[in-house]
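Add chain B to chain A, keeping to what the hints say.
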Amino acid sequence: MPESKETRERILQIASIIIEELKLEEITPESFDPDLDLVDELGVDSMDLATVALVLQDEYGVFIDEDDYPKLKTVRLIAEYLQSRLQGRKGKDA
Amino acid sequence: MPDDREGRGDDGGRPAGRPEGPDHRRWKFSELLADPAVKARWETVRKYFFLRESTYDMSNRCNLRCDGCYYYEGEKQLARENGDAEAWRSLMRAEKARGITYVVLAGAEPSLVPGLLEVCFAEMPLGCIATNGVRRIDPAVGYKIHISVWGNDATSLRVRKASELLGRQIENYRDDPRAVFVYTFTSENIDEAAGVVDVLTAAECRVTFNMFSSPVGYTGPLRHDGVSLIRTRGVMQEMMARHPRRVLFSPYSVVAHTHALGLHDLYGCSYPRMNPSTDIGLGRSFRQFRTDLTWDRDAACCVPDTDCGDCRHYAAGSAVVTARLYRHVTDPWTFRSWLDYVDTYLAVWVMGYEKGENLCAEMVSPPRV
Chain A
52 MPESKETRER
62 ILQIASIIIE
72 ELKLEEITPE
82 SFDPDLDLVD
92 ELGVDSMDLA
102 TVALVLQDEY
112 GVFIDEDDYP
122 KLKTVRLIAE
132 YLQSRLQGRK
142 GKDA
Chain B
269 MPDDREGRGD
279 DGGRPAGRPE
289 GPDHRRWKFS
299 ELLADPAVKA
309 RWETVRKYFF
319 LRESTYDMSN
329 RCNLRCDGCY
339 YYEGEKQLAR
349 ENGDAEAWRS
359 LMRAEKARGI
369 TYVVLAGAEP
379 SLVPGLLEVC
389 FAEMPLGCIA
399 TNGVRRIDPA
409 VGYKIHISVW
419 GNDATSLRVR
429 KASELLGRQI
439 ENYRDDPRAV
449 FVYTFTSENI
459 DEAAGVVDVL
469 TAAECRVTFN
479 MFSSPVGYTG
489 PLRHDGVSLI
499 RTRGVMQEMM
509 ARHPRRVLFS
519 PYSVVAHTHA
529 LGLHDLYGCS
539 YPRMNPSTDI
549 GLGRSFRQFR
559 TDLTWDRDAA
569 CCVPDTDCGD
579 CRHYAAGSAV
589 VTARLYRHVT
599 DPWTFRSWLD
609 YVDTYLAVWV
619 MGYEKGENLC
629 AEMVSPPRV
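Chains as they are written, first to last, in the working numbering: chain A, 52 to 145; chain B, 269 to 637.
It is worth saying that the hints were derived from the structure and are not from the lab.
The structure presented is a predicted model; accordingly, all values stated were derived computationally and were not measured.
Glycine included, every Cβ here is placed at the ideal spot set by N, Cα and C.
It is possible that some hints are incorrect.
[Unchecked claim] Here are the simulated SDA-like pairs of lysine to any residue, each with C-alpha atoms no more than 20 Å apart in a straight line:
(1) A:Lys122 to A:Gln64
(2) B:Lys296 to A:Val113
(3) A:Lys122 to B:Asn543
(4) A:Lys74 to B:Arg314
(5) A:Lys74 to B:Thr369
[Said to hold, decoys possible] So these bits of chain A aren't anywhere near chain B, every CB distance computed over 10 Å:
(6) Glu54
(7) Glu60
(8) Gln64
(9) Ser67
(10) Leu75
(11) Pro80
(12) Asp86
(13) Leu87
(14) Glu92
(15) Leu133
(16) Ser135
(17) Leu137
(18) Gln138
Pulled out of the complex, with its shape left as it was, chain A reads as follows (with noise of 0.2 Å):
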């Protein structure tokens, strides 16, 4: 199923999140692919990772509980765990 546009824009807000944080060098958030695996191919650590997580709560509002940080390997699944944590404080603001 093609992603929506507004997942686009997500992928794209963390890809450029990531690329910020963790300075990262010839890689736009255009080019950098959603699917790499943060861990086992670009890298990124554990103190990295909550840095990352870190800003996304400033920039969504959202609580990012310190059990999930595994969860987050991908720019993808990271913007489908941010949707569903959108998703669950709209329910709860009904």
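Quick look at chain B alone, frame taken from chain A:
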């Protein structure tokens, strides 16, 4: 009735500027970084997030035999000693290939195998050697060197069977930028610490603190109790105030290592021995190699055969407290305390890293899980 605060993290006080009463505010990470000094320290320490450690027993021999020594507990002491330089070179290359960037060379006494130290340094430029300091390690080996101090000379003679040890250690490592003297507080040597630290700092040596952490099954007199933890805390604070440039420690280091609860209960140990997850972090990458170059995941931690419930080891804290960044972003005081802890750990373990001034002077309680 005992004071409920005995051996706990807080001092009953409130950091300057912290509002009275419970702080229910949820701070954004960006707000915690708004202070330029905090932001600068964060940017400094995060440059070292690439460090990924493993540890290596270099020799099963030692020129001292200390009461309570962790090495001569458990099975690791029975491992065959592999003195083949090429085997060590291959191991270091393999470690580098799987992402290890920092090596801790320890047990039983690494200075007895100088050729292997040279091989490791040639392959892996960042690391630390834990030594008793009796033999000087070649200055060409540019690792940090941690020299273990367990009390004054009378105590060293009794516990380590070594005479005039402190003088020999200072003679070997005075003016050596690699050297950090590690004073291990036991329940028996607390009152000696001030005198020993005074001697070391007068010789311009740098000092940090460790806590005796009982090996599994140890019931001897060195083990800490609630009273000895409180007394140790007081001496650590006094030494930090008396020698701020030479004593590498922070108020939060004091809290974390003299708390009634050990590091595992406070923070959740992330070494494989206590952490089944292999997803990320130490559980994924850390190994503890024995002298025969094998390792056992079930036993792998920075000081194997330590009783985990009693572990307040400085090496463990350096990894375990540091790894819990996300638990320390609750408020400005807790985050500054964490930064001080990490700043201290880097100054103790990384060549060329100079400790900054502590950002939080108060004793902040560890975050509740």
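Quick rundown of the hints versus the structure:
no., hint, result
1, A:Lys122 to A:Gln64, "19 Å, holds"
2, B:Lys296 to A:Val113, "11 Å, holds"
3, A:Lys122 to B:Asn543, "17 Å, holds"
4, A:Lys74 to B:Arg314, "11 Å, holds"
5, A:Lys74 to B:Thr369, "19 Å, holds"
6, Glu54, "26 Å, holds"
7, Glu60, "21 Å, holds"
8, Gln64, "16 Å, holds"
9, Ser67, "16 Å, holds"
10, Leu75, "13 Å, holds"
11, Pro80, "20 Å, holds"
12, Asp86, "18 Å, holds"
13, Leu87, "15 Å, holds"
14, Glu92, "12 Å, holds"
15, Leu133, "16 Å, holds"
16, Ser135, "19 Å, holds"
17, Leu137, "17 Å, holds"
18, Gln138, "20 Å, holds"
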